[in-house]
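Trainee: Chain by chain, the residues:
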Amino acid sequence: EADIYQTPRYLVIGTGKKITLECSQTMGHDKMYWYQQDPGMELHLIHYSYGVNSTEKGDLSSESTVSRIRTEHFPLTLESARPSHTSQYLCASKGYEDGSEQYFGPGTRLTVT
Amino acid sequence: KNQVEQSPQSLIILEGKNCTLQCNYTVSPFSNLRWYKQDTGRGPVSLTIMTFSENTKSNGRYTATLDADTKQSSLHITASQLSDSASYICVVSALWTGGGNKLTFGTGTQLKVEL
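Protein sequences, first through last, are from chains A and B. With this note's numbering applied, the first sequence covers 311 to 423. With this note's numbering applied, the second sequence covers 758 to 872.
The hints are simulated quantities; they were obtained by calculation from the structure and are not laboratory data. Where a beta carbon is used, it is the ideal one built from N, C-alpha and C, also for glycine. Just so you know, not all the hints are guaranteed correct.
Stated by the list, open to error - In silico lysine-lysine, DSS-like type, Cα no more than 27 Å apart, as pairs:
id: 1; chain 1: A; residue 1: Lys341; chain 2: B; residue 2: Lys859
id: 2; chain 1: B; residue 1: Lys774; chain 2: A; residue 2: Lys367
id: 3; chain 1: B; residue 1: Lys828; chain 2: B; residue 2: Lys859
id: 4; chain 1: B; residue 1: Lys774; chain 2: B; residue 2: Lys758
id: 5; chain 1: B; residue 1: Lys869; chain 2: B; residue 2: Lys794
id: 6; chain 1: B; residue 1: Lys814; chain 2: B; residue 2: Lys794
id: 7; chain 1: B; residue 1: Lys758; chain 2: A; residue 2: Lys341
id: 8; chain 1: A; residue 1: Lys367; chain 2: A; residue 2: Lys341
id: 9; chain 1: A; residue 1: Lys367; chain 2: B; residue 2: Lys869
id: 10; chain 1: B; residue 1: Lys814; chain 2: B; residue 2: Lys774
id: 11; chain 1: B; residue 1: Lys774; chain 2: A; residue 2: Lys341
id: 12; chain 1: A; residue 1: Lys328; chain 2: A; residue 2: Lys341
id: 13; chain 1: B; residue 1: Lys828; chain 2: B; residue 2: Lys814
id: 14; chain 1: A; residue 1: Lys367; chain 2: A; residue 2: Lys328
id: 15; chain 1: B; residue 1: Lys814; chain 2: B; residue 2: Lys859
Claimed, not checked - Covered by chain A, according to a simulated footprint, are these stretches of chain B (three or more residues, beta-carbon under 8 Å):
id: 16; stretch: 824-832
id: 17; stretch: 862-870
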């Protein structure tokens, strides 16, 4: 089982609130990712990081921001949540080798009312 | 544009029966193909990985095949169990000009196993 954790697992919050979704891994992986997934739809990459102080935007435009101050920690922040941000957010990490497996966290189900 | 298409979109089978899920892709340059199992409300978990030179790979009751010429893969589940109920996602990795790999995800096949 992968050692990658996400908190909270479920979050219901009102419009305009600032939220931070936490993701941490204990595998020492340099590469970390955030995906957004709507029910029955494919995963879309919104942010990734190849190491400390490295962050890049993914394929899907997102109003969220990320930071990578420590190798094991990759939090995602929404400054002002909106109903359109309602979705499942999945964090993942992988080792340095190109063919290595990408391990996923359990996800955070976000609902903005 | 890199794409991964899966079929069927959803499937209901009786416990103990076999089933086969399909994946067609147009990803290039191809690096590898993985099948993931995603339980409801959980993150995906890798079942198999196949590179260009591999035709088949098994993981318990799961057997994946790959035809790199036709760009098709299948996941065969033998003697299905209730715990097999999940979404099965085909993920194809392409070599990225910027270094590393770029993943393209299918929308998944939602499998339900019933008594």
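Trainee: All hints are to be evaluated individually against the structure, with a verdict given for each.
Mentor: Okay, the hints, checked on the actual structure:
A hinted pair counts as satisfied when its Cα atoms are at most 27 Å apart, and Lys341(A) with Lys859(B) qualifies at roughly 12 Å. For the given pair, Lys774(B) sits about 43 Å from Lys367(A) by alpha-carbon distance, which is inconsistent with the 27 Å threshold. Under the criterion of a C-alpha separation no larger than 27 Å, the hint pairing Lys828(B) with Lys859(B) is consistent with the structure, at around 17 Å. A distance of roughly 36 Å separates the Cα atoms of Lys774(B) and Lys758(B); the hinted pair therefore is violated under the 27 Å criterion.
Of the pairs offered as hints, the one joining Lys869(B) and Lys794(B) holds, with about 13 Å between alpha carbons and a cut-off of 27 Å not exceeded. Taking the CA atoms of Lys814(B) and Lys794(B), the gap is about 16 Å. The hint holds against a cut of 27 Å. For the hint linking Lys758(B) to Lys341(A), the alpha-carbon distance of about 24 Å falls within 27 Å, and the restraint holds. Note on Lys367(A) and Lys341(A): the hinted pairing holds, with a Cα-Cα distance of about 14 Å set against a maximum of 27 Å.
As the CA atoms of Lys367(A) and Lys869(B) are separated by approximately 35 Å, the hinted pair breaks the 27 Å bound. A C-alpha spacing of about 20 Å is found between Lys814(B) and Lys774(B), which places the hinted pair at or below 27 Å, so the restraint holds. Pair hint Lys774(B) plus Lys341(A) does not hold up; C-alpha atoms about 39 Å apart against a cutoff of 27 Å. The hinted pair formed by Lys328(A) and Lys341(A) meets the criterion: a straight-line CA distance of about 26 Å does not exceed 27 Å.
Between the alpha carbons of Lys828(B) and Lys814(B) the distance comes to roughly 16 Å, so the proposed pair stays at or under 27 Å and holds. At roughly 20 Å between alpha-carbon atoms, Lys367(A) and Lys328(A) fall within 27 Å of each other, so this suggested pair holds. For the given pair, Lys814(B) sits about 22 Å from Lys859(B) by alpha-carbon distance, which is consistent with the 27 Å threshold. For the stretch 824-832 of chain B, the stated coverage by chain A is violated: 0 residues have a C-beta nearer than 8 Å to a C-beta of that chain, whereas at least 3 were required.
Three residues within the 8 Å Cβ limit are the bar, and the stretch 862-870 of chain B against chain A gives 5, so the coverage statement holds.
Checked against the numbered hints listed earlier, the structure breaks hints 2, 4, 9, 11 and 16; every other hint is satisfied.
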